[in-house]
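*Asks:* Below, each chain spelled out in residue letters.
Protein chains: 2
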Amino acid sequence: MSMLPPPARIGAPLDEVETPALIVDLDVLEKNVGRMAEVTARAQVAFRPHSKTHKSTSIAHMQIAAGAVGICCQKVSEAEIMVNGGVGDVLVANEIVGSSKLARLAALARRAKISVCVDHLQNVRDLERAAAEAGAHLHVLVELDVGGRRCGVQSPDQAVDLAKEITASGHLSFAGLQAYHGGAQHIRTHEERGEAIGQAASKVRAARDALARAAVPCPTITGAGTGSFEFEIASEIYTELQAGSYVFMDRDYKLNQPGNVSRMDFEQSLFILTTIMSRPLPERIVIDAGLKSYSTDSGPPEVAGMPGLQVERASDEHGIIMLADPNALFSIGEKLRLVPGHCDPTVNLHDWFVCVRSERVEALWPVSARGAIF
Amino acid sequence: MSMLPPPARIGAPLDEVETPALIVDLDVLEKNVGRMAEVTARAQVAFRPHSKTHKSTSIAHMQIAAGAVGICCQKVSEAEIMVNGGVGDVLVANEIVGSSKLARLAALARRAKISVCVDHLQNVRDLERAAAEAGAHLHVLVELDVGGRRCGVQSPDQAVDLAKEITASGHLSFAGLQAYHGGAQHIRTHEERGEAIGQAASKVRAARDALARAAVPCPTITGAGTGSFEFEIASEIYTELQAGSYVFMDRDYKLNQPGNVSRMDFEQSLFILTTIMSRPLPERIVIDAGLKSYSTDSGPPEVAGMPGLQVERASDEHGIIMLADPNALFSIGEKLRLVPGHCDPTVNLHDWFVCVRSERVEALWPVSARGAIF
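Those protein sequence lines, which keep their order, are chains A and B.
Counted from 1, the first sequence has number 87 at position 94 by our numbering; the numbering is strictly sequential.
Counted from 1, the second sequence has number 82 at position 89 by our numbering; the numbering is strictly sequential.
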């Protein structure tokens, strides 16, 4: 349990921040938040951003103030932190199993509007028992596997069976369909991403039609991510979007090819500030940020504003950057900003967002739900 | 800044631990600690285990009680936590740059024996100034690049120049050579690992001989990791070993080929406990542990005790395991133990070690220096 001090003081110039540090450019963050609010309002879909990206009650409240109906999270512990932090409407966009976790979820539903996903009959029964024991009410969505090959029912019939069971449960209400296609988010071409979401939308349509035939009302169809949300909007079947990464963006999203509104309209607001700690050879610089400062699951970080420069090798506490030009001017002690490969697991490594405007620290926000995995 | 509760209570059976959780098998941990103490004592080399693996003052004290002379760490913030936790002798096995960090390091040196590495002349001067201002004394080692292609001087002459500058500094003393070959740790064959450390030892010998010619005493030659320490012992030039991962082990070390004492003598003590949350198809199980519960930089985790079963795909909060046998008996709610690919960055994701003996929780240890990256 960390009680680490923040790596900066409010009012300090950026250059005085201790490194490595997680930096947020507030101007860009605010612009990204506003832009998504505008896009979703214009499309007349509800927006429920995924808080697993930022794990921050501060940013969740900023999104809600801009019009979001609530937030998504993945874990009961994240939901607890968000509700404790004043968020009143949380969708756990995931299956929750085990009596202890279900009891915690039901307890939370006495204090906020809580929704959760299911893909198995026994899970519905367990949810009903937990909600009954807590004297609480849970909103339950059926998750469809729309191509992500993760959780979710495989057929419209399964969805109808679960929806009926939910509807017949005294402490549950059927809230609709969870239909997120994670695998589509980083398909590089605009066209192929569109095709993947087109196929997802077909599966959603089949499930919705089956529910209609069974006379089960389906109020919400929710899903979409930063790489795909324009296609979920275009499908006209989704009623709610869940994009999260748009607040920060990352290198992996930047590698998506143009023609994509999310690539074109959102800018990088999240950086790792790092210091050059060694230059043992003219062509090799070593930075003080490694695997414990950024995730590499979606590729290494690149140096912001310096095309072609990226971390070539990373160990726990070091990053190696090779210089094509051995005469390039880089000094020990100099600071660089890195664009992480994947924003979500990178944020989860840090305790503090150092929020910067005009090269000064304007705020320090805790990463409220960092490490909240259970 | 996390204030997360532990995922278990002391005395509970393993099956009641909330998942995902970081589990330590205390019997195996104690055996590993004892075994390394025995090996290093027999070899008559000092042992200074690297605490970047466990980030735990509890385990550091266990190692010291078994005979370790002190510990290594990588960051000033880690050193602060270790000294605050009662560890009296800390080597920051890394270069530290920047006036603020050096001031913190020097302040710490008033309360404990602190050693640090350098590979650049200006850094020696900055260390001297910081130590003088704090009225403190720092022990300084020159880092050699012995093949890891990270930090470190490239030639014996550079090492001598730095050692002389250190010796001439009023608040510093020259403590010896830091000579760790990170890249050698996971070379798969015993023979090639031996060759890599043989080459490292040649570089160390050249630097030591150059220091002797310059009449600069070199009290300590320190380095080695869990994959290579038998070769540093065999070289007879290293006076101190720094292995860290041996306490836990991981899948990457297990993939090192036999013939290696570290593979043969140390067993897996660290696991991620996870729950099956979905089985949407007979051949696909989904677990509740993903990229925020284990690092994948050195490959995915495997399922302990179930050869051939590993996490095929991981997203932030999910792991996908494909079953060759669709009739295999795995139920939703069932718990599995994962062996992580890389122990150090996996531990750094968690706030608590859940320490288990005979299938019961015996202790809860905070991961004291989790997130201490600056």
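In case anyone wonders, no lab produced these hints; they're calculated from the structure.
All C-beta atoms in this analysis are idealised placements derived from N, C-alpha and C, irrespective of residue type, glycine included.
Please note: incorrect hints may appear among the correct ones.
Said to hold, decoys possible - Here chain A is said to cover these stretches of chain B; the calculated rule only asks that three of the stretch's residues, wherever they fall, bring their Cβ under 8 Å from a Cβ of chain A:
| # | region |
| --- | --- |
| 1 | 4 to 12 |
| 2 | 20 to 34 |
| 3 | 67 to 79 |
| 4 | 89 to 96 |
| 5 | 107 to 120 |
| 6 | 261 to 274 |
As the list claims (entries may be wrong) - If you want the ones that stay clear, here's a sample from chain A, every Cβ over 12 Å from chain B, calculated:
| # | residue |
| --- | --- |
| 7 | GLY4 |
| 8 | VAL38 |
| 9 | ALA127 |
| 10 | LYS157 |
| 11 | ARG181 |
| 12 | ILE226 |
| 13 | LEU322 |
Claimed, not checked - Taking CB as the label site, the calculated pair distances span:
| # | chain 1 | residue 1 | chain 2 | residue 2 | range |
| --- | --- | --- | --- | --- | --- |
| 14 | B | LEU316 | A | LEU316 | 26 to 36 Å |
| 15 | B | GLN115 | A | GLY60 | 45 to 55 Å |
| 16 | A | PRO319 | B | ALA199 | 40 to 50 Å |
*Asks:* Of the hints stated earlier, which fail here?
*Replies:* 2, 14, 16
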